[in-house]
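Turn these sequences into a full structure, and let the hints steer you where they fit.
Residue numbers (this note's numbering), protein chains in the order written: chain A, 10 to 291; chain B, 295 to 550; chain C, 40 to 211.
Derived by calculation from the structure, the hints in this document are not laboratory data.
Just so you know, even glycine gets a beta-carbon here, dropped at the ideal spot from N, CA and C.
There may be inaccurate statements among the hints.
Distance windows between CB atoms, simulated [said to hold, decoys possible]: (1) A/Leu-139 - C/Ser-43: 15 to 25 Å; (2) C/Gly-166 - B/Glu-391: 39 to 49 Å; (3) A/Leu-139 - B/Val-362: 58 to 68 Å; (4) A/Pro-196 - B/Ser-307: 49 to 59 Å; (5) A/Asp-98 - B/Val-362: 55 to 65 Å; (6) C/Gly-91 - B/Tyr-543: 22 to 32 Å; (7) C/Asn-165 - B/Phe-471: 42 to 52 Å; (8) B/Ser-307 - A/Asp-232: 46 to 56 Å; (9) A/Lys-40 - B/Arg-296: 24 to 34 Å; (10) B/Arg-296 - A/Glu-282: 34 to 44 Å.
So the derived list for chain B, only partly shown, Cβ under 10 Å to chain A, looks like this [as the list claims (entries may be wrong)]: (11) Asp-420; (12) Ala-424; (13) Ala-429; (14) Arg-435.
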Amino acid sequence: MPTEPADGVPSAAGHDHVADLRGVHYSVDGKPVLIGLDIGICRGAITAIMGPSGTGKTTLLRLITGQVLADAGEVIVDGRDVARLGRRDLYALRRRMGMLFQNGALMTDIDVFENVAFPLREHTRLPERLVRSIVLTKLHAVGLRGAARLMPQQLSGGMARRVALARAIVMDPEILIYDEPFAGLDPISMGVVMRLIRSLNDALGISSIVVTHDVREISQIADQSYILSGGRVVASGSPKELHDHPSPIVKQFMEGQADGPVPFHYPAPDYREQLIGEERRA
Amino acid sequence: MRAVVGEVVESLSASLERVGALARFLGRLLWLSPGGFLRVRLLVEQVYNAGARSLVIIMTCGLFVGMVMGLQGYDLLQRIGSEDSLGVGAALALLRELGPVVTALLFAGRAGTALASEIGLMRATDQLAAMDIMAVDPMKRIVLPRFLGGVLAMPLLTAVFITISIFGVQLIGVQFFGVDQGQFWSQMRGAVELSDIREGLVKGLVFGIACSLIAVFEGYNSLPTAEGVGQATTRTVVISAVTTLILDYILTALMI
Amino acid sequence: MRPSRAIDISTGLFVLLGLVSIAFLVTQITSKEVGFHSDAYRLKAQFENVGGLKPGAPVTMSGVTIGRVERIRYDMSLFKAIVTLRIDEEYNQIPNDSDASILTSGLLGGQYVGISPGGSEQVFKNGDRIEFVQDAIVLESLISKFLFSQAEKTPASQAPAAAPAPAPATQE
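In structure tokens form, the structure reads like this:
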């Protein structure tokens, strides 16, 4: 179990990491989004990245996939520094990753089967029979083998996301990245997705990274969690450790308190001043 | 005062930046083009998208443009007693100017907006990003086939437009107004040369490259929101129209 | 995969339509001399003044186009313009004493070369020179000639009108 010093950075001793962020800084238009980030993703485990909205969780994913480059620091995936990779190597690396987007991001002009088959058709020259077997197997794993011929428009949100998941695993990736997989789902679908994330992780021996702020759901399946706030890691550890964490901001986040270190009120001038002062002027 | 100058400079440099980005985009597309012709399936679909689906509008407008030319042309020529020259005048005007330009404008309106909104929508729903993550280059898979489809379709559409127009002229001039059919065609044959046809088709090709480029560029670089897609389609039509007319002048000056 | 078959067929039809249109334009609305890459032979003619004659202008006999002006050069030793005419092989029976004139189409139209047949038994062969030529009519000299001839008709010379210009004998 990783111990945590006061600033929440776990020591990575003795753990095999499939990805590492070291001292990563990233700014947008001069505003810092990520500040001195240190995160280690353990191989074969489910790692959760949590935090209030807008703390740069999605940016973190983009750094891992190489879609954006850090201003400072290193992003190491599978032993290679992502920033140094040329287009071809970057694409080779990405073929070993799978990503599930928040809205599924299925291609709307082809049916479910073709969507899942897409990576196979683009990257391999497998015979049609084999493609069919693989696609149906993956669809079966997410429970949607019967929906193979539907069009994406005909799917519910939860179903679309499952199809996207089937597509993400069709090339048997080593790393699976989930961007807000529970957002907007009904409780049943959420349960389904939770179960899938856990079972796929164990059955396929992959490493999963889940970005979410659905604390309750992710706590049931994550092995390791990081909480980000203000662009930094404020806590990390297993779900149980975070639950008992003393820091007020972690507490506010884990328990969903309306007010606390993250204030309820957006900064504004004094209330009485503003109301009465304007009346006087009117 | 300073603010106005600042704004003008600001928008000029923004436009310059955009032109530069457009040029680089074109460069990348041209570089990828040879590979684009290998993916026949995708290419055929896009030629269908840009070309076959534009046929109805092109043929309809071609017919009416031809008929209007017949009306106006006859009225004009009949005042100076040269109605037999209706065929020549119409054919030359259509071949060298009206055909390519009107076809390009119609193309921008129908096919250009379709391309821009398709790609823009993919951008807005993360489909392009997803493709990128799946290690499939969206430029090769989505943008290039659409660009090539437009480029191949335009000269063909131009030819169809001109042909239908000429029949439109004949319909009004000969059938309706009674211009001598023999004179109509023979005068045309006497004066129209291969270089005129070449001029029209070259213009069609160049306009096709320009309008297709602008459409896919605007779609690809649109803001990933619903308004972004709308803006992209509007910009496509406007910029395509202006560019077509500017190129028309340049090409005409070069080819005359 | 039914929808894609329909797309293929439609696209094929579209492309076919486009190509047919181009073929129509090329063959039906240009003069049929597309096949002027057929066999031809060349004749030369020397002119004092070619006027507005340009390469590509038609060469006609009795109004029928039998060839094109291929090249116009100026010869610095002869001080004349050398015009090369490209005549269709089909018309290889032109008497070698025929003359070539530079005429104007209509009142203000383009200029072309008209050939009037002579009476010789022998015909032109490839590379021959047309001896009898008529230069392009330059409007200014025509006017001044007319004015000059009018001036000569005035009472200053009571000589009979027969004097000024001897009846134009056959100028061949």
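Against the structure, the hints:
Look at A/Leu-139 against C/Ser-43: about 21 Å separates their beta carbons, and that is inside 15 to 25 Å. The given range of 39 to 49 Å is respected by C/Gly-166 and B/Glu-391, whose C-beta atoms sit roughly 43 Å from each other. The given range of 58 to 68 Å is respected by A/Leu-139 and B/Val-362, whose C-beta atoms sit roughly 59 Å from each other. For the pair A/Pro-196 and B/Ser-307, the beta carbons lie near 53 Å from each other, so the given range of 49 to 59 Å is met.
The hint said 55 to 65 Å for the Cβ distance between A/Asp-98 and B/Val-362, and at roughly 60 Å that hint holds. The hinted range of 22 to 32 Å is satisfied by C/Gly-91 and B/Tyr-543, whose Cβ atoms lie roughly 28 Å apart. In this structure the hint that C/Asn-165 and B/Phe-471 lie 42 to 52 Å apart at CB holds, the actual value being about 49 Å. A C-beta distance of roughly 51 Å is found between B/Ser-307 and A/Asp-232, which places it inside the suggested range of 46 to 56 Å.
In this structure the hint that A/Lys-40 and B/Arg-296 lie 24 to 34 Å apart at CB holds, the actual value being about 28 Å. B/Arg-296 and A/Glu-282 have their C-beta atoms about 36 Å apart, which keeps the hinted 34 to 44 Å range intact. Given hint, B/Asp-420 at the interface with chain A, holds; its Cβ is 4 Å from that chain's nearest Cβ, closer than 10 Å. Interface hint status for B/Ala-424: upheld, as the beta-carbon distance to the closest one in chain A is roughly 4 Å, under 10 Å.
Proximity of B/Ala-429 to chain A holds as hinted, the smallest CB-CB distance being about 4 Å (cut-off 10 Å). With a least beta-carbon distance of about 7 Å to chain A, the hint placing B/Arg-435 at the interface is held under the 10 Å criterion.
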